[in-house]
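So the protein lines, in turn, are chains A and B. In terms of this note's numbering, the first sequence is residues 10 to 124. In terms of this note's numbering, the second sequence is residues 7 to 118.
A few of these clues could be false.
Not everything, but these chain B residues come out facing chain A in the computed CB check (under 7 Å) [said to hold, decoys possible]:
id, residue
1, Ala48
2, Pro49
3, Phe108
No wet-lab data here; the hints were simulated from the structure. Being a predicted model, the structure only gives us computed values, none of them experimental. Built from N, CA and C at the ideal position, the CB exists for glycine as well.
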Amino acid sequence: DAGITQSPRHKVTETGTPVTLRCHQTENHRYMYWYRQDPGHGLRLIHYSYGVKDTDKGEVSDGYSVSRSKTEDFLLTLESATSSQTSVYFCAITESQVVDTGELFFGEGSRLTVL
Amino acid sequence: EDKVVQSPLSLVVHEGDTVTLNCSYEVTNFRSLLWYKQEKKAPTFLFMLTSSGIEKKSGRLSSILDKKELFSILNITATQTGDSAIYLCAVFQQGGSEKLVFGKGTKLTVNP
Numbered sequence: 010d011a012g013i014t015q016s017p018r019h020k021v022t023e024t025g026t027p028v029t030l031r032c033h034q035t036e037n038h039r040y041m042y043w044y045r046q047d048p049g050h051g052l053r054l055i056h057y058s059y060g061v062k063d064t065d066k067g068e069v070s071d072g073y074s075v076s077r078s079k080t081e082d083f084l085l086t087l088e089s090a091t092s093s094q095t096s097v098y099f100c101a102i103t104e105s106q107v108v109d110t111g112e113l114f115f116g117e118g119s120r121l122t123v124l
Numbered sequence: 007e008d009k010v011v012q013s014p015l016s017l018v019v020h021e022g023d024t025v026t027l028n029c030s031y032e033v034t035n036f037r038s039l040l041w042y043k044q045e046k047k048a049p050t051f052l053f054m055l056t057s058s059g060i061e062k063k064s065g066r067l068s069s070i071l072d073k074k075e076l077f078s079i080l081n082i083t084a085t086q087t088g089d090s091a092i093y094l095c096a097v098f099q100q101g102g103s104e105k106l107v108f109g110k111g112t113k114l115t116v117n118p
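Next up, chain B with everything else stripped away, as it sits in the complex (with noise of 0.2 Å):
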């Protein structure tokens, strides 16, 4: 069965924190990894990441996969209020179904 386990489940820090969240994953037919942001409504997106190694970033937010270990992970650093919300992990499958397996997400929040 597909999955994709995200930890940790919820975590609260202070505002300046550097905050690392994972996500590993065992799905068929492996194509890219995806990191959505879900604040009050809709997600939206973070990065996707399709090779082992290369980092992605942007601004204070960053991520990086490793296919031979299977995980990701979603770095903040010097974490501000507004990066509270739950951090969505999700794989994307190739072939056929065309579609993303999501995990239950990590809630992040951050206090002043």
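Chain A extracted, bound-state conformation (with noise of 0.2 Å):
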């Protein structure tokens, strides 16, 4: 298995804090992703990242901020959490020199619920 580590596993919180989750990982893997997962929605992608301090958004990217200052640490950031941010978060990653699998390892997820 791959390790991924995500946490909190379990987060309640609520209107307006901030919440940091952190997904590390021990492979080095160079690619890593940060998906939701709501019902009705499937996974969405809020952000990535394809190395040290290089990230992108993904299609509901809104309220959201990343950092990865290392290889094996990618922060999801919720500068003012809202209840339309209670979902499912899952942390995954790709090898570099697999990546033209397309084959991602995620996480066990962390549930957040906004109040």
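Two chains, two frames, some hints: make the complex.
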């Protein structure tokens, strides 16, 4: 199994508070992704990274920012959480050498509830 | 706008039935199509399809891609209760973004 750890795994917060989710990998993979999964929408890409300090937006990036200061860590920040950001968040990684396989390895998910 | 459409959205069958899940796509810079299985937690990889007409097979699961008609099917024969899951289709784009576009998934329930 790919070494991916997401933290926290569960969080309940209030509207307007900042929240940071962490994705940590031990595989030295180049590409890291943050997805959210909601009923009726499937998995939607928030942001992704293709290297240290190299990030780009996905299809639902509004209200989210990311940072990647080290290969192994990819942080997702909600500057001011809203109820619409209640979701399950998945981190995923791919190996740079086999990026053309398209295979993603997913973390276990972080369930965020914004009250 | 890039999109991946899966059908049906949900399906209930009895053990032993054969099911076919569908995935159609409209994306730029298509590279490959992937199928994932999601049970309770993280999606896990099933197949990657790049070329038309070449069937990928793993046990009771098989999949094929039609790049002309822009769709793929995932077949599961002799279904078991352990096949109950959400099956996700995703298309991998190349060049620049290097990202996966997912469909909404098909929820399969296999009853004993």
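To see whether the hints hold, each was checked on the structure:
1. This hint holds: alanine 48 of chain B has a C-beta 4 Å from the nearest C-beta of chain A, less than the 7 Å allowed.
2. With a least beta-carbon distance of about 5 Å to chain A, the hint placing proline 49 of chain B at the interface is held under the 7 Å criterion.
3. The interface hint given for phenylalanine 108 of chain B is met, as the beta carbon of that residue sits about 4 Å from the closest beta carbon of chain A, less than 7 Å.
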